Amino acid sequence: MKEFTLTCPAPLAAEDRILLAHGGGGKLTNQLIERVFLPAFSNPALEARHDGAVVRAGGERLAFTTDSYVVRPLFFPGGNIGDLAVNGTVNDLAMCGARPRYLSTGFILEEGLPFETLRAIVESMREAAAAAGVELVTGDTKVVDKGKGDGVFINTAGIGVFEHDVEIGPHKVTPGDAVIVSGDLGAHGVAILSVREGLEFEAPIVSDTAPLWAPVEALLAAGVEVHCLRDATRGGLASALNEIASARGVGVRIREADIPVEEAVRGACEILGLDPLYVANEGRFAAFVPAAQAAQALDVLRAVAVSRRAAIAGEVVEDGPGVVVMESRIGGNRVVDMLSGEQLPRIC
Amino acid sequence: MKFLDEYRDRAAVERLSRAIRRAVTRPWTIMEICGGQTHTILKSGLEDLLPREITLVHGPGCPVCVTPVELIDKAVAIAARPEAMMCSFGDMLRVPGSQSSLFDAKARGGDVRIVYSPMDAVKLARMNPERQVVFFAVGFETTAPANAMAVWQAAREGLANFSVLVAHVLVPPAIEAILSAENCRVQAFLAPGHVCAVVGFKDYEPLAARYRVPIVVTGFEPVDLLEGVWMAAQQLEAGRAEVENQYSRAVAREGNRPAQKIVAEVFEVGPRQWRGIGEIPSSGLRLRGPYRQFDAAERFEMAAPGARESADCISGLVLQGLKKPYECRVFGTGCTPERPLGAPMVSSEGACAAYYLYGRHKAR
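Protein chains in written order, with this note's numbering: chain A, 1 to 348; chain B, 349 to 712.
Honestly, the hints are just simulated from the structure, not real lab data.
Just so you know, these numbers come straight off a predicted model, no measurement behind them.
The C-beta atom is built at its ideal place from N, Cα and C for all residues, glycine as well.
One should not assume that every hint holds.
Stretch by stretch, here's where chain A covers chain B in the computed footprint (C-beta under 8 Å, at least three residues) [said to hold, decoys possible]:
{"no.": "1", "segment": "353-366"}
{"no.": "2", "segment": "452-460"}
{"no.": "3", "segment": "509-521"}
Partner residues are not named here, just some residues of chain A that face chain B (Cβ under 8 Å, in silico) [stated by the list, open to error]:
{"no.": "4", "residue": "Gly24"}
{"no.": "5", "residue": "Leu28"}
{"no.": "6", "residue": "Arg266"}
{"no.": "7", "residue": "Gly332"}
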């Protein structure tokens with residue numbers, strides 16, 4: 001062969017319809033928000049692009065948020081769509097720094113759904129609401145034809161109240177801030193995938209789904225000047241850190257060796273070809289706090305059950321605005337980008 | 349984690365890094381063949397630990413990247429048929445064909461499924477007798493035994509609704525193509541450990557001898573790769589050109605005989621198109637005689653749409669190691685993982701995507 005001939009066909013990007021990745025929490029989700037939703041609904045509360053909106057009503061500062069749940073399978077080790085729907089919305093409010101108070105819930109049920117299934121889901125919503133100290137005060141039910149839904153879809157919206165004057169949001173993040181991860185990563189996503197793929201482990205990997213107000217409340221009560229909180233749900237910790245880095249125009253440096261991941265989760269990620277940094281969590285968050293208060297914040301978090309494995313994973317820097325860089329276990333550096341599309345298992 | 353942590357050990361990595369520095373006296377260009385190796389190099393920031401004299405270039409060993417566009421178009425066309433259930437490894441779904449990808453086909457209502465094993469596709473065929481289940485059999489020698497086993501199993505069970513779209517490629521002919529090109533600048537190779545676990549490394553010995561090039565069979569963890577580089581560098585400095593085995597915990601010279609047997613039973617060697625490179629003789633696998641009835645390309649007759657070319661993409665030069673991804677005019681601007689112009693930007697194993705995801709701060 002003399003020379004390599006270059007043939008590289010240009011694909012046409014599918015921009016004329018929604019792809020699954022538009023719901024993946026990564027770049028396409030952000031594009032969708034920026035190109036479709038923000039221009040249509042533009043207002044200051046929305047443009048803050050926090051986990052929930054902070055609004056004023058009747059002189060009160062309130063946090064308001066909504067989320068929909070379409071998880072498959074409906075039941076997985078450690079939880080089901082019901083407690084997920086309560087905890088997810090509770091956590092979005094907690095990430096605003098607000099005490100979660102009232103939730104609404106909308107059910108979209110598929111014709112033929114066994115009552116037993118619905119009762120089990122509702123029961124775990126009741127338990128999750130009690131654990132999080134919220135009340136489900138209003139709701140709605142729709143039933144769609146068989147085949148038009150996936151058993152149960154749930155939407156919840158929630159209202160939270162502020163009991164302090166600390167302003168929490170990406171705009172407060174400052175170079176020098178410590179980045180604290182509230183616990184081990186990846187358990188929820190791997191628990192779901194292991195059911196989907198029929199994988200069995202010596203000890204089952206259990207979802208981390210949990211309400212996060214308790215650790216946030218503890219931080220605030222201890223007087224930690226929390227700058228920003230972000231739960232590491234879809235797209236994992238990597239996407240959460242990238243969102244903050246690009247919203248604030250700062251760099252984030254993290255150290256792989258300091259980010260807790262359970263052995264079983266690491267093993268499953270190796271088998272499935274996934275990176276735990278991008279795997280979804282439902283009970284983990286990143287906290288940005290002033291460096292001087294990092295050790296105190298860590299002690300406070302470790303005293304609360306859900307965040308007992310909290311760790312200082314890195315810090316905010318001025319270099320490389322919008323970029324998250326990780327020092328690998330072996331001492332090399334790499335960029336941790338936002339998830340592009342869905343995280344796909346590799347061939348080999 | 350056992351069998352992994354010892355190969356990601358910082359102290360071991362630093363020892364090897366120092367050994368390489370001591371061994372090297374002048375510049376050398378070494379190509380790692382496999383996309384999995386490229387992935388580790390970029391993900392762990394391994395190049396930070398190499399002396400300036402060592403340049404790593406990233407070879408064509410990403411099955412997703414070299415699968416010809418015509419076959420992706422075929423897979424997309426099959427996925428659009430109402431009776432078809434198209435099964436594939438995950439990272440094939442985003443690869444652009446000439447018009448669209450399997451993800452787009454899914455968004456348009458096609459039944460496209462991600463499976464972890466071709467045997468899962470056989471199971472789907474068994475469970476859905478009214479559907480035509482097609483498995484996109486992509487990969488190097490590594491995935492060939494499992495894919496062969498799936499076809500063999502389907503034949504044994506008489507599963508008339510199962511077929512495979514074969515896009516199998518072989519490593520030694522690709523190395524030979526790179527070495528025989530006049531503008532070749534690769535001086536040593538890290539051969540892909542998992543491929544060699546299946547086929548052994550006898551086939552590499554004539555290549556090392558004929559082209560006077562060291563070839564080190566290498567694993568996929570940071571310690572493996574640094575040790576592979578160290579072994580290659582020692583050979584280069586000493587003027588040796590041998591096949592050596594760094595990955596002896598997984599690879600024997602003879603390879604895995606039962607795996608080779610099932611591959612030879614089901615497949616035969618034939619010419620194959622490589623995306624970004626062109627046709628390489630005897631570089632692919634196709635179904636053998638009695639198993640051709642399981643060939644999806646023949647079962648589903650279709651006209652191949654014409655491929656549209658991007659003048660900007662330099663993936664051929666990247667796959668050959670002549671250019672680094674960031675030397676491309678459209679890298680990270682016109683070409684990103686969301687809007688790839690060429691296949692190496694698609695899979696996380698592709699050199700361009702690996703650079704984009706893990707190395708952008710260096711390109712700046």
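*List in ascending order the numbers of the hints, as given earlier, that are violated by the structure.*
3, 4
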